[in-house]
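First to last, the protein sequences are chains A and B. According to our numbering, the residues represented by the first sequence are 2 to 339, in order. According to our numbering, the residues represented by the second sequence are 38 to 372, in order.
A portion of the hints provided could be inaccurate.
[Stated by the list, open to error] Dumping the calculated DSS-like pairs for lysine-lysine here, alpha-carbon to alpha-carbon at most 30 Å: (1) A:Lys77 <-> B:Lys162; (2) A:Lys129 <-> B:Lys159; (3) A:Lys129 <-> B:Lys162; (4) A:Lys139 <-> B:Lys44; (5) B:Lys162 <-> B:Lys272; (6) A:Lys129 <-> B:Lys158; (7) A:Lys260 <-> A:Lys84; (8) A:Lys5 <-> B:Lys173; (9) A:Lys84 <-> A:Lys5; (10) B:Lys358 <-> A:Lys139.
Calculated from the structure, these hints are not laboratory results.
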Amino acid sequence: MDIKNTLFDLSAACSLGNITEARDLAFDILKDFTDECEKTDNLTVIGTIKGESDYTLMLAAHIDEIGFTVTDIDDKGFLTVAKCGGIDLRTLPAKRVTVHGKEKVAGVFCSTPPHLAEGEGSFEDIGKFKIDTLLGEKATDIIAVGDFVTFEGAPCLLQGSLVCGKSFDDRAGVVTLLKLAEELKGERLPITVKIVLTDMEELGVRGAVTSCFKVNPDEAIAIDVSFGNAPDVSPEECGKLGEGAMIGFAPVLDKAISKKLDKIARENSILCQKEVMGGRTGTDADALSVSREGVRTGVVSIPLRNMHTDTEILDITDIESVCELLKKYILEGGVLNA
Amino acid sequence: MLKTLEKLCLLNSPSGDEGAVRDFIIGEIKDFCQYRIDNLGNIIAFKKGKNTPNAKILLDAHMDEVGLIITSVTSEGFLKFATVGGIDTAVMISRRVIINGNVTGVIGLKPVHLCHGDEGKKLPKADSLYIDIGVKSKEEALSLVSLGDTAVICGDYVRSGDKILSKALDDRIGCAILISLLKEESEYDFYATFSVQEEVGLRGAKVATFAVAPDFAIILEGTTAADIADVAEEKQVCNLGNGAAVSFMDRSTLYDKGLYNLALSSGIPCQSKRFVSGGNNAGAVHLSREGVRTVAVSVPCRYIHSASSVADIKDIDSAYKLAKYLILSIAEKKV
Numbered sequence: 002m003d004i005k006n007t008l009f010d011l012s013a014a015c016s017l018g019n020i021t022e023a024r025d026l027a028f029d030i031l032k033d034f035t036d037e038c039e040k041t042d043n044l045t046v047i048g049t050i051k052g053e054s055d056y057t058l059m060l061a062a063h064i065d066e067i068g069f070t071v072t073d074i075d076d077k078g079f080l081t082v083a084k085c086g087g088i089d090l091r092t093l094p095a096k097r098v099t100v101h102g103k104e105k106v107a108g109v110f111c112s113t114p115p116h117l118a119e120g121e122g123s124f125e126d127i128g129k130f131k132i133d134t135l136l137g138e139k140a141t142d143i144i145a146v147g148d149f150v151t152f153e154g155a156p157c158l159l160q161g162s163l164v165c166g167k168s169f170d171d172r173a174g175v176v177t178l179l180k181l182a183e184e185l186k187g188e189r190l191p192i193t194v195k196i197v198l199t200d201m202e203e204l205g206v207r208g209a210v211t212s213c214f215k216v217n218p219d220e221a222i223a224i225d226v227s228f229g230n231a232p233d234v235s236p237e238e239c240g241k242l243g244e245g246a247m248i249g250f251a252p253v254l255d256k257a258i259s260k261k262l263d264k265i266a267r268e269n270s271i272l273c274q275k276e277v278m279g280g281r282t283g284t285d286a287d288a289l290s291v292s293r294e295g296v297r298t299g300v301v302s303i304p305l306r307n308m309h310t311d312t313e314i315l316d317i318t319d320i321e322s323v324c325e326l327l328k329k330y331i332l333e334g335g336v337l338n339a
Numbered sequence: 038m039l040k041t042l043e044k045l046c047l048l049n050s051p052s053g054d055e056g057a058v059r060d061f062i063i064g065e066i067k068d069f070c071q072y073r074i075d076n077l078g079n080i081i082a083f084k085k086g087k088n089t090p091n092a093k094i095l096l097d098a099h100m101d102e103v104g105l106i107i108t109s110v111t112s113e114g115f116l117k118f119a120t121v122g123g124i125d126t127a128v129m130i131s132r133r134v135i136i137n138g139n140v141t142g143v144i145g146l147k148p149v150h151l152c153h154g155d156e157g158k159k160l161p162k163a164d165s166l167y168i169d170i171g172v173k174s175k176e177e178a179l180s181l182v183s184l185g186d187t188a189v190i191c192g193d194y195v196r197s198g199d200k201i202l203s204k205a206l207d208d209r210i211g212c213a214i215l216i217s218l219l220k221e222e223s224e225y226d227f228y229a230t231f232s233v234q235e236e237v238g239l240r241g242a243k244v245a246t247f248a249v250a251p252d253f254a255i256i257l258e259g260t261t262a263a264d265i266a267d268v269a270e271e272k273q274v275c276n277l278g279n280g281a282a283v284s285f286m287d288r289s290t291l292y293d294k295g296l297y298n299l300a301l302s303s304g305i306p307c308q309s310k311r312f313v314s315g316g317n318n319a320g321a322v323h324l325s326r327e328g329v330r331t332v333a334v335s336v337p338c339r340y341i342h343s344a345s346s347v348a349d350i351k352d353i354d355s356a357y358k359l360a361k362y363l364i365l366s367i368a369e370k371k372v
């Protein structure tokens with residue numbers, strides 16, 4: 002499996018609400034690398050790789066993406082929408098989207114013409130940001146209230162191993178787990194691994210709640226993206242692209258897991274960097290750790306620039322680092338043998 | 038004409054770097070008219086018609102589009118830039134750009150998660166923006182781009198029903214119409230200029246018009262249409278689908294009333310541009326030499342100067358027909 006090509010395929014696909022293109026694509030890949038693989042009713046994918054013991058490590062990456070849902074359609078084909086996830090309204094004027102109606106429709110967020118501009122504009126109320134469907138009065142034939150809208154934008158290569166695209170948050174985590182499953186195929190695993198592609202992370206870490214209850218793991222690690230270095234981001238708030246797996250340290254995380262991940266990375270010369278957070282992590286880990294009677298949980302992240310835009314940027318080598326780290330961690334028996 | 042328009046829109050020609058569009062246009066028109074390139078890079082063409090009118094008629098469309106120019110490179114390899122022509126910050130941030138037609142970059146933005154207080158509700162200052170081309174050092178960046186290189190914001194060409202969604206509709210629409218007029222037989226002689234540097238102050242048209250010394254000028258343009266959600270009728274300027282927009286006044290020109298009335302009474306679908314805003318090459322053309330009687334025929338474009346402009350093909354057809362009608366009527370002294 003080529004990481005870049007699979008990431009690009011997953012990025013171009015959409016998964017939001019009942020739109021499950023990315024989930025279905027990931028399932029088709031994962032089922033070939035796992036002993037069992039299922040799509041659950043709540044839009045999650047669970048792939049099992051059996052090991053020598055029943056001790057179960059759940060690895061979670063979320064398959065959903067940010068977007069919008071249609072709340073109103075006017076008679077000239079303009080849509081009012083609500084946010085699904087953390088959208089930066091400042092980036093919306095003249096931004097292209099795909100409306101998932103009866104068929105896919107190209108749309109564009111209205112931008113205020115210069116002669117009507119009043120100061121810099123207001124970026125607080127999504128209700129003021131209308132989508133032009135280009136369909137005029139025919140919009141209601143194809144689009145209904147409750148339909149979903151996603152960003153449009155094919156992934157592309159930048160220089161070296163850096164790539165740009167939409168929904169790398171968290172298709173980067175998904176592709177990491179798909180590659181990991183391929184790498185583990187044929188290996189003798191001391192523990193059982195469950196690869197879980199969760200839904201509704203962007204709506205407030207919801208899919209991880211039910212999927213972790215179902216999987217009932219002994220230990221869990223969330224694989225997500227985190228802030229990458231950029232000129233307008235302070236160095237203490239971010240990791241650096243190309244400098245490897247960001248290993249999470251936080252009050253809500255299991256210290257033994259964080260330390261073991263860090264130790265394995267150093268012993269095996271796997272590029273890594275520590276990401277220290279003051280409380281929760283803003284990832285699936287926040288829900289995994291409080292599932293049922295509590296689950297020992299870690300986080301490993303891939304540094305990413307321009308998070309929650311259609312121009313997210315990451316370094317493919319960081320995905321490779323995370324994949325290698327997780328493989329070694331599993332082969333050493335997870336935190337069980339820490 | 039729409040095939041030509043698509044090809045034109047996908048070319049990158051910010052002001053001062055019009056070469057890509059110029060080369061394409063020359064390839065299209067060279068067998069159908071006489072032409073030359075002037076000192077600034079304008080194409081000045083002459084179309085021989087079946088008859089020679091007493092008046093010299095000029096049609097103009099500009100080749101350049103709004104863009105960016107690289108001004109410096111940071112120690113980490115991020116590119117700082119200035120805008121070339123008017124582009125709002127809100128339609129620049131989190132967009133892809135292409136530099137020199139071959140290096141892809143992104144205008145980055147601090148994630149909203151990391152914004153404190155009102156920071157995430159305000160646009161960043163234009164001078165804080167940067168282009169990320171995915172390199173790790175200044176040296177690596179400078180091996181790919183040089184200071185003074187130009188860029189445009191990327192935007193694919195999409196057809197949806199009668200609508201077109203693309204970058205650079207302003208003014209590749211005018212170029213496509215003018216190419217069509219040059220390629221077909223004409224009743225009367227006319228001159229055509231494909232001008233440079235409109236977006237940085239109508240500079241190409243100034244010298245090209247001096248060279249042609251016309252009596253009449255027809256400016257083919259794209260203009261702002263604000264017929265979008267939540268905009269009051271009287272502020273909509275013009276409406277997609279209602280035909281070419283004809284101006285009586287904008288911020289650069291008080292137009293020739295005779296030509297304006299001639300256009301409106303043509304029977305071809307057209308509408309008045311109903312707001313005094315914007316401007317176009319008419320501003321330079323009508324003041325050339327001793328003055329030139331000038332009319333602007335514009336195709337209404339929503340979200341103009343963004344990489345997601347929207348136009349209606351019915352209006353493009355109207356503008357084409359109206360330009361043709363005006364040549365004929367002016368030559369036959371109907372104004």
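Comparing the hints with the structure gives:
{"no.": "1", "hint": "A:Lys77 <-> B:Lys162", "verdict": "violated (34 Å)"}
{"no.": "2", "hint": "A:Lys129 <-> B:Lys159", "verdict": "holds (15 Å)"}
{"no.": "3", "hint": "A:Lys129 <-> B:Lys162", "verdict": "holds (22 Å)"}
{"no.": "4", "hint": "A:Lys139 <-> B:Lys44", "verdict": "holds (28 Å)"}
{"no.": "5", "hint": "B:Lys162 <-> B:Lys272", "verdict": "holds (28 Å)"}
{"no.": "6", "hint": "A:Lys129 <-> B:Lys158", "verdict": "holds (13 Å)"}
{"no.": "7", "hint": "A:Lys260 <-> A:Lys84", "verdict": "violated (37 Å)"}
{"no.": "8", "hint": "A:Lys5 <-> B:Lys173", "verdict": "holds (20 Å)"}
{"no.": "9", "hint": "A:Lys84 <-> A:Lys5", "verdict": "holds (29 Å)"}
{"no.": "10", "hint": "B:Lys358 <-> A:Lys139", "verdict": "holds (27 Å)"}
Checked against the numbered hints listed earlier, the structure breaks hints 1 and 7; every other hint is satisfied.
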